[in-house]
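Participant: Read off the chains here:
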Amino acid sequence: MASHGIKDKIAIIGVGCTRFVENWDAGLDDLIISAADAAYESAGVDKADVDAYWFGTAQGGMSGITMARPLQLQNKPVTRVENYCATGSEALRQAAYAVASGAYDVAMALGAEKTKDSGFQGLNAAPPPNDGTARSLTAAAMYSMVAPAYCEKFDVDPADMRHAMARVAEKNHYNGARNPLAQFQREVSIETICASPKIAGDLGVFDCAGVADGAAAVIICRAEDAHKYCDNPLYIKALSFIAGNGSGLTDPDYDYTTFPEIAECALDAYAQAGIDDPSSSIAMAEVHDCFTITELVLMEDLGFSPRGTAWSHMLDGRFDLDGEVAVNPDGGLKSFGHPVGASGLRMIYEAWLQLRGEAPADRQVAAVAEGKTMAMTHNLGGYPGEMVSFIAIVGTELS
Amino acid sequence: MHEGRRGVIAWGTYLPFRRLDRSEIAKVIGRGGGRGTRTVASFDEDPTTMAVEAARRALATTPAVPDVVMFGSVTPAYADRTNATALHAALRLPVTSLALDVGQSPRSVMASMLLATCGQGTSMITSGDIRFGLAASAEEANGGDAGAAIIVGEDTPETPVVAEIVGTASRTAEFIDRWRSPGEAHSKVWDEKFSGATYTPLAQAALADALVAAGIEADNIAAAAVSAPTARMAKIIGAKLGVSRIVDDFAASVGQCGAAQPGLLLAHLLEQSSPGDHVALVSAADGADAMIFRVTDAASTRNRAPTVQTQSEQGAPVPYARFLTWRGTLTVDPPRRPEPQRVSSTAAARSTEWKFGLIASLDDETGAVHMPPLRVSADGERTDAMSGQPMADIGATIATFTVDRVAYSPSPPIVFAVVDFDGGGRLPVELCDCDEDEVRIGARVEMTFRRLHAIDGIPNYFWKARLARG
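Protein chains in written order, with our numbering: chain U, 1 to 399; chain E, 1 to 470.
Don't read these hints as lab results, they were simulated from the structure. Backbone N, C-alpha and C define an ideal beta-carbon position, used for all residues, glycine too. There's no promise every hint is true.
Just the calculated beta-carbon pair ranges, DEER-fashion [said to hold, decoys possible]: (1) E:468 to U:274: 51 to 59 Å; (2) E:365 to U:306: 45 to 53 Å; (3) U:124 to E:378: 27 to 35 Å; (4) U:124 to E:344: 17 to 25 Å.
Just so you have them, the derived chain E footprint on chain U, three or more residues with Cβ under 8 Å [as the list claims (entries may be wrong)]: (5) 59-71; (6) 140-147; (7) 243-257; (8) 308-320.
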């Protein structure tokens, strides 16, 4: 099996991101226009300069027309993509391959989601007509089964685990409080997080990502063309994606303490990027903290912590802004909010700000100042035992 | 074995787990209720699911395969289609077996048993009912919920007759003691004294004729069971039958279970009897029917399903308010989550073996069990190299679990577990009949056929797991 990657072939030359929020005043069209216009401006290009578009939305609409119509694109190829919560990242991946192939010179990946028009709590999927036998739990319930299994396997006191999970939320709210685009721009104490009403299992309200409306966009070109548009582009080092086959739901050997799809995806990404030790190479990681327990397990699956140690590393501050690897410096899904199709590209937006030294001073990642030049973005979608995984690694230097 | 001898081969009964303490009713409403308890079908049970559970227990005690499966209920899930086909599918019966519903009255079930004993082949007569009425009504307090299944057939070495039918008789009478028009939620009853006075001579006459047919006297009857519209009527009738012993009708703990009552009481009657006994089942419903059995030696070697007596002593309380929500009398604010979709008829038809039969696929080469069934092996190498593997009767162990307080459920919260089956196979599945603090990793569970919800009039039948309570 080959996974060659497209290291250093593609440059990110502009980004745009709306505020993620319960945006009662803006529809999907408005969100798309805001993010696209911000990205055009960031890259210094006109609408006509972008040759092709990839549009990610989980449930915002069907086909590329959902994007072409509000932007009034003129005879442009627009592809709508969907891959659960990795939808926005999938748009970037497809756009990057298309430009790397030489088919187009400049492309935009845009993700947008209008989650708050349903009137329901949380995120909701509309399954196709079916036989009625599929489970219908919330995502919170599916992920809540991880913490007890983890505690049992690694002999972690549930009280310590509860504290470590609260630390994830506290950290991400701390970062989000310093982000003018985040949904929740306030710090939340460990005590408040632990006392929040339970949603499922031991997961309380503050263990769950914010559900928001929003859009984000990225404009790319081939690396050799980058300096036509931009003095300090980001270069794509790796794009890795795995769609799980659902084996964890049916295989008694799956123990709910890891996400195997993520671990495999990470190996592929590091190989593409030529990274041996992720903690020493990567300055920051935007990871898919849909729930606090998810971020903890991800630290292990992504290779930032050995098995059974992420909870203590989280308590030690290893993933804080000034830690070894800053994780979710923009507040993550937890605090920035999670408009499904937009989240992956929002992560690229943060990597763009941080690696180029443009993040607000009070949430700058220390490891960037110390000389690290690479960032990771990561999405997962689905549930423990049955998920998709996406990882991008971007950097400021060509190797 | 005796050539041509017919009778009961096997039986199974099912009492739902929950009990309503009748004294709780007056505490809320200010009147109604009474002493003792009644059984309460959970929100995810209906007459069909309870009949399935009873039938599973019956079939577990015998190799008999019914040629005919009948289902009777006063409160069937479907009106304009057969309910027994769902039972047929859940029980994994041969496609050649005839599944049919019998009419919506307790008499239909009694009459079906009566006719089956006189007929040919092997018949399973199933019944299930949910009895309730308006808040504080006698129907609400004194009704009960149950399922029953009686398998009737010829005496063979493999399927010995446990209770040989030796006499039957019937009386038919047209008078209105209880009634409900199609579409109405609650049944109505006429003056109980009138009904009792009318039923008593009919029952006496039916039993007398049955005794003549059996060639015995009332003194020869070791015990009788009386199924009547109310416990009070059953008591009045029983006192006038001239039989020395009338077995308990569980009015104090279970209640009157509608169409399931004759089957439930026949099961109890047989469970109370000894080889050589003559026993009588008398049913007062739109007339009266009597069946006299002679209990055979096979009864002593029978592998018994849980008895009615045992089940009546088990269970756990349900608060009155929750009972009212389960029956739809009290409507509560649902979680702010989308309701599930209507089941697709075509999709369900394609997955009948899985959805109703809980048949997994077993990888012929690796032995891996896949739930739901897969066509391609887990390593992706082989297609359609699988066999069907029925899972419904295999025990399982909880690997991990959670409680979902937000997801849609007709009765939140959802208690949910990942369970691993003995011998292979894993299923993430909803738990039922348990309180959340009872659930533990490592706890044993067994599968049970349930109705997850009903949207647009289509009950969504599938399996859940319940704690194995020994």
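Participant: What hint numbers does the structure not satisfy?
Facilitator: 2, 5, 8
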